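Student: Sequence:
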Amino acid sequence: MNPAMLYTVLVIAIVFEVLGTSAMQAAQHFSRLAPTVIMVLCYGVAFFFLSYTLRYIPVGIAYALWSGLGIVLISAAGYLVFGQKLDLPAVFGLALIIAGVLVLNLFSKSTFH
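Heads up, the sequence shown is in our numbering, so the first residue is 34 and it goes up one at a time.
Just so you know, these hints were derived from the structure itself, not from any lab. Note that the coordinates shown come from a computational prediction; the quantities given were computed from them, not determined experimentally. Take these hints with a grain of salt, some might be off.
Derived lysine to any residue pairs resembling SDA-like cross-links, with alpha carbons at most 25 Å apart [said to hold, decoys possible]:
(1) K142 - V124
(2) K142 - Y40
(3) K118 - V48
(4) K118 - I104
(5) K142 - P122
(6) K118 - K142
(7) K118 - L102
(8) K118 - G103
(9) K118 - Y40
(10) K142 - I94
(11) K142 - L129
(12) K118 - S55
(13) K142 - I45
(14) K118 - A59
(15) K142 - A132
(16) K118 - L106
Input sequences plus hints: build the corresponding full structure.
Tutor: In structure tokens:
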């Protein structure tokens with residue numbers, strides 16, 4: 034499969050995971066039906082697309098990209114949508130995660146099999 038298309042599929046998985054996690058926050062301990070249903074659907078879509086990428090990307094690399102980018106995006110969503118604060122150490126840690134994702138993608142020969 035074309036690497037650009039494969040990364041697109043992985044990004045789709047990550048976006049749906051972030052949407053599902055945002056819906057989980059809105060579900061308020063599963064006490065609100067609509068956000069709970071959205072959460073379940075988003076996680077289902079996310080795992081479907083993630084599982085597809087595992088045909089071509091080793092699980093450790095795919096999960097590193099999934100979790101790293103997911104952490105950064107959900108932190109941004111928490112800040113922008115839910116008004117959660119990020120202090121300087123948190124922003125620095127997120128920058129390190131981004132750096133790790135870049136190192137994996139730019140320098141690792143393990144990204145495809």
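Student: Against the structure, test the hints numbered earlier, and report the numbers of the ones violated in rising order.
Tutor: Failing hints, ascending: 1, 5, 6 and 9.
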